[in-house]
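Fit chains C, X and A to the given chain B structure using the hints.
Protein chains: 4
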Amino acid sequence: MIIVLKPGTSREQVEHFSADLEKRNGVKVNAWYGEHSTVLGLLGDTAGVDIEAIQANELVESVKRVQEPYKKSNRKFHPDDTVIDLGHGSAIGGGRLAIIAGPCSVESEDQIADIAREVKGAGAAFLRGGAFKPRTSPYAFQGLRAEGLELLRHARAKTGLPIVTEIMSPAHLILFEDVDIIQVGARNMQNFELLKELGKCDKPILLKRGLANTIEELLMSAEYIMASGNDRVILCERGIRTFETMTRNTLDISAVPILKKLSHLPVVVDPSHASGHSWLVEPLAMAAVAAGADGLIIEVHNDPPHALSDGAQSVTPDEFRRIASHVEEVAGVFGKTLSRRDDQE
Amino acid sequence: MIIVLKPGTSREQVEHFSADLEKRNGVKVNAWYGEHSTVLGLLGDTAGVDIEAIQANELVESVKRVQEPYKKSNRKFHPDDTVIDLGHGSAIGGGRLAIIAGPCSVESEDQIADIAREVKGAGAAFLRGGAFKPRTSPYAFQGLRAEGLELLRHARAKTGLPIVTEIMSPAHLILFEDVDIIQVGARNMQNFELLKELGKCDKPILLKRGLANTIEELLMSAEYIMASGNDRVILCERGIRTFETMTRNTLDISAVPILKKLSHLPVVVDPSHASGHSWLVEPLAMAAVAAGADGLIIEVHNDPPHALSDGAQSVTPDEFRRIASHVEEVAGVFGKTLSRRDDQE
Amino acid sequence: MIIVLKPGTSREQVEHFSADLEKRNGVKVNAWYGEHSTVLGLLGDTAGVDIEAIQANELVESVKRVQEPYKKSNRKFHPDDTVIDLGHGSAIGGGRLAIIAGPCSVESEDQIADIAREVKGAGAAFLRGGAFKPRTSPYAFQGLRAEGLELLRHARAKTGLPIVTEIMSPAHLILFEDVDIIQVGARNMQNFELLKELGKCDKPILLKRGLANTIEELLMSAEYIMASGNDRVILCERGIRTFETMTRNTLDISAVPILKKLSHLPVVVDPSHASGHSWLVEPLAMAAVAAGADGLIIEVHNDPPHALSDGAQSVTPDEFRRIASHVEEVAGVFGKTLSRRDDQE
Amino acid sequence: MIIVLKPGTSREQVEHFSADLEKRNGVKVNAWYGEHSTVLGLLGDTAGVDIEAIQANELVESVKRVQEPYKKSNRKFHPDDTVIDLGHGSAIGGGRLAIIAGPCSVESEDQIADIAREVKGAGAAFLRGGAFKPRTSPYAFQGLRAEGLELLRHARAKTGLPIVTEIMSPAHLILFEDVDIIQVGARNMQNFELLKELGKCDKPILLKRGLANTIEELLMSAEYIMASGNDRVILCERGIRTFETMTRNTLDISAVPILKKLSHLPVVVDPSHASGHSWLVEPLAMAAVAAGADGLIIEVHNDPPHALSDGAQSVTPDEFRRIASHVEEVAGVFGKTLSRRDDQE
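Protein chains in written order, with numbering that gives the first Met the number 0: chain B, 0 to 344; chain C, 0 to 344; chain X, 0 to 344; chain A, 0 to 344.
Just chain B, same shape as in the assembly:
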């Protein structure tokens, strides 16, 4: 961490401030007296140093972090890719391209089982489906909740596909014991109490980037989960909020190579939520694969106009089949194979 002091700071003030910094933060401070201003360098582990408190000091002109504030999710300290492998071919990362597919909301036993069969046949290695649904309006369908989780388990029993579903409150964790991957939605990316609880469970967590969160904040939220003991985190880019209104969100495609460089965690992309339009799912899925994503999460519905949520962005099973086949082809150019179930139904 580099601290630039205001012009006119006396040597005595510098020494007093440096000693205070060393005492409070357990770091070593080096002062460099320039012609017009003095610069302090903090050495040691500065991840816990409060930049705000330093900026509040009247001697300080500006502060710059040199070390990244995330450690466990940082590729510098863990050069090898983390692979989330649930067996039988269902793996994310490590040269495989994984497709997670399914409806926005679980609606009925037949609906989820049929879609599960369809997406597995087309190349999905995981089944997604919402039981607890975060909706902007309290008057909109809120999900089947516990019953939805039950229906997901039925679908898994029929197809073998591991299930990925969203949690909205630590109080619901007890219901998620038989879920394979727990998803944290964009709106809860900085629900820190939830993240801490998820850090104590032994399941992979699919962590979606918040609508207004930076790439660094996404890594810091992964860090919350990892610092609590759970190393299996999957990062998900799903679009950020900008001034453009033609899409529901703006897919930040650059986040894919950046996250892959900064972190060892696998990165998946959600083209359905990023665009909000079913016809955009295919080109955005292609772009995500070409940019280096380890996987895709795609909303598929047998009857989009009658979907209980997110109909506009859901593709049909037929469209999904074409997209998955196309994804496999593009992934091949990048030396990746599709993650596919190898078990028998």
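One or more of the hints may lead you astray.
No copy is singled out in the list; a pair is fine if it fits within one copy or between any two copies.
What the hints assert, rightly or not - With a straight-line Cα cutoff of 35 Å, these simulated DSBU-like cross-link-like pairs (lysine-lysine) come out:
1. K259 to K70
2. K195 to K5
3. K27 to K75
4. K335 to K259
5. K27 to K335
6. K70 to K5
7. K71 to K202
8. K75 to K195
9. K22 to K335
10. K260 to K70
11. K157 to K71
12. K202 to K260
13. K335 to K5
14. K22 to K157
15. K5 to K259
16. K5 to K75
17. K202 to K27
18. K5 to K157
19. K335 to K157
Simulated from the structure, these hints should not be mistaken for laboratory data.
Here is chains C, X and A on its own, set in the frame of chain B:
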């Protein structure tokens, strides 16, 4: 709700689609056959109609909501201002300008008691202080938690000031029974499970706007609380995230008159979080009052450079005294008086 | 155009307003009297109707445009792709993938000639190079101006590559007579006086999207050029400004398929300006091709650390060779061939 | 300027790089060898140093500017407020609050003369009116152009009010010789060729902030004008583009105190363009004055629904009279008097 259909839609398709809409949504549909396109108008309560599902229909070109999707927070149905009155002069709304002040984090018994005394003397009608702290980094100070709530109660006992403090999880509600106003932070504005729980308690809720949330979404989150039974919601504008980096967030000052027009709920502004710089608190507080805010929430710390959080944006008690006095003067021009405690210490 | 009137508008007011609309705008107005509100539909050419003036009417609740406001750039009226073909294999659109490459700034005769040779050999079909440079600071290098254009012509003479270079003022048009494609930079996308002048010249215009401009506004700026008589416009997505700071801009990859759907004009992507980092050029170029772009514009410099502008985002000739080869491979999956010069040096 | 080098950089590399920096930039470089990384400090005038080129160097981890890149607009070097005084009471800055008012577009001789008389009577010290109009659509009214300037001069002759009007191209400068203050619109804030030309004329320039431009970029554009010789620049905050759609733009009220702190130039606010709704003009004008603005620029139209542009955001003369009176009252609290014409009609 107005639905524009694609050119070429047949009369039979229109009739079939209209009947489907009526059956599913309990509304009445009128079709208007134009020269080039057909427009449908939905009459009745459309707050629960899923715009997504309609957009997913292949006949639909675009959809436009005419009715606002929020009802209980809507001024159209409740023309009179809601006033949050906790007695002894501590009221928000109804021609009074209320100042909520205190440290970002509760740090010690003396710290919170001293600041409480200072801000009360200067004109604050409520004491704020964080016990549970949402921090971007898991390695940063997370608040004194239950102990912090205890210290807030001590400070209230000494000064009479009602306490406002943030909740981060429904699981903590049991600890908040003796809190006067529960705050929902920006990061939890769409933590819908938390909002539903808060809708069942009988305390006022101070609901902060999320960093990337629209004014309409803020009202929809208020609607979650109100639809669950709790009508006492205070809306708080605290800055949104934009490309500008000189301030921590961009205070959306227009949100103040817009919220006052659309809703009957009181509106307060947080100039401390909006700017992130203590020297900006005063001009932004003035602007908020001039734009019609019912109150302010200001971070005050006796020793900002040693604050355990948000030091850079905290003003000192002396600065606060000047700001409060100035606020009173400007409020006077707008016919408002400062909300002041009338009890004895 | 659909106009929703305020509740309580009388039939007489509706008729008077409708007559006024018809007289002023040369359209036909149909009124639809609903139970709670009245809706007007405007038929005919509404591209020139001023939505602002209508919103200013006290009877009006809201207005919604149904017809797109752009006509000449609209694919609805021109279903076939526009192809910009400069001969000898240098074409953009129509199943070919064109790479425009070269330095940010033209710096010397040797520099531009060497880079031109290098990029041609690696697969570029056009040479880019800035002579007039828009720089944030008046103290930064402003380009070689007229001399830079002269050096570009030398490089073209040696390699045959058509040249693409930016114009900053209508007053400079006289210097651009021998340029092959004139570029309008992001900062001038809404410099309407410049656009009108460019509409009168007979050269293709490469129009970059502004940092804060919507997709629709980009099409409206293309419309300015086309409405003045020049149909040869190339649209360029080069990143928009968002809150994310890890990249110089945020590449809006969704703009590619959307522009291809809404318009018949060719679409190129600039991964260099979008990211601001040379190491991101390759993954973003891959994503652009996979999303359906017709071309790429890439900054290449023989000695990036000593470039007079944009060094951080320039790739070396060796890196460019690898990227171009990779682009060709990915384009092949999408049935596209690389646009290549077929002439002799 | 502080440059952090990558870990592992050798002392020889550091020395070679430092020597190169000194030679190219005319600065002095100090190296500070830390335990894990080396930091370089550049001393001297770094305003012209190209941060991009430095970042392109493979030894560089990151760069931080310490000195502001703007000089002539910087308050550090010119502590006293710049006042734009056109005589007869029409002054901006220096303790006076100036109101610039008038229609979006000049439409006819009577229209502009009538509005001029009205706004002067209500307290405006300057008349605004657009002759050259930047419109998103080429099919919308483009202004009366030269004739509009002529009508503005008539209105000035009748009222004495100095005129403020927008220029869109350096080619039009010859027509602006008799204009009192030349306005640069938001879309042309980074039209650097125009700025340079305006730097050579001897008229005050009202420079509006671009929709996606930072505060620092606004100061850099002012610097362009000043570096070319014209010191009389007025800065104007008129809203930036964000995700919020209820307002046309988001007024960045914080920009007012920040610009006043960083620069000695006067700062005015345009509540009409910032909001896009006439009913928001008053509260935003109040907020601007309370935040410390030196002036306001307000759109006034005698018949907003029939205005040829910007009808929705124009107030009527009666509304303007109320706003101006209210502005005067609030300004008084801040010790400011309204700038008023003292001449006779």
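Hints, one by one, checked against the model:
no., hint, verdict
1, K259 to K70, "within (15 Å within a copy, 40 Å between copies)"
2, K195 to K5, "between (39 Å within a copy, 33 Å between copies)"
3, K27 to K75, "both (22 Å within a copy, 33 Å between copies)"
4, K335 to K259, "both (15 Å within a copy, 28 Å between copies)"
5, K27 to K335, "neither (46 Å within a copy, 50 Å between copies)"
6, K70 to K5, "both (31 Å within a copy, 18 Å between copies)"
7, K71 to K202, "within (17 Å within a copy, 40 Å between copies)"
8, K75 to K195, "within (24 Å within a copy, 42 Å between copies)"
9, K22 to K335, "neither (51 Å within a copy, 48 Å between copies)"
10, K260 to K70, "within (14 Å within a copy, 38 Å between copies)"
11, K157 to K71, "neither (37 Å within a copy, 44 Å between copies)"
12, K202 to K260, "within (24 Å within a copy, 42 Å between copies)"
13, K335 to K5, "between (53 Å within a copy, 32 Å between copies)"
14, K22 to K157, "between (60 Å within a copy, 33 Å between copies)"
15, K5 to K259, "between (38 Å within a copy, 20 Å between copies)"
16, K5 to K75, "both (33 Å within a copy, 13 Å between copies)"
17, K202 to K27, "neither (39 Å within a copy, 48 Å between copies)"
18, K5 to K157, "neither (67 Å within a copy, 40 Å between copies)"
19, K335 to K157, "within (28 Å within a copy, 41 Å between copies)"
When held up to the earlier numbered hints, the structure conflicts with 5, 9, 11, 17, 18 and fits the remainder.
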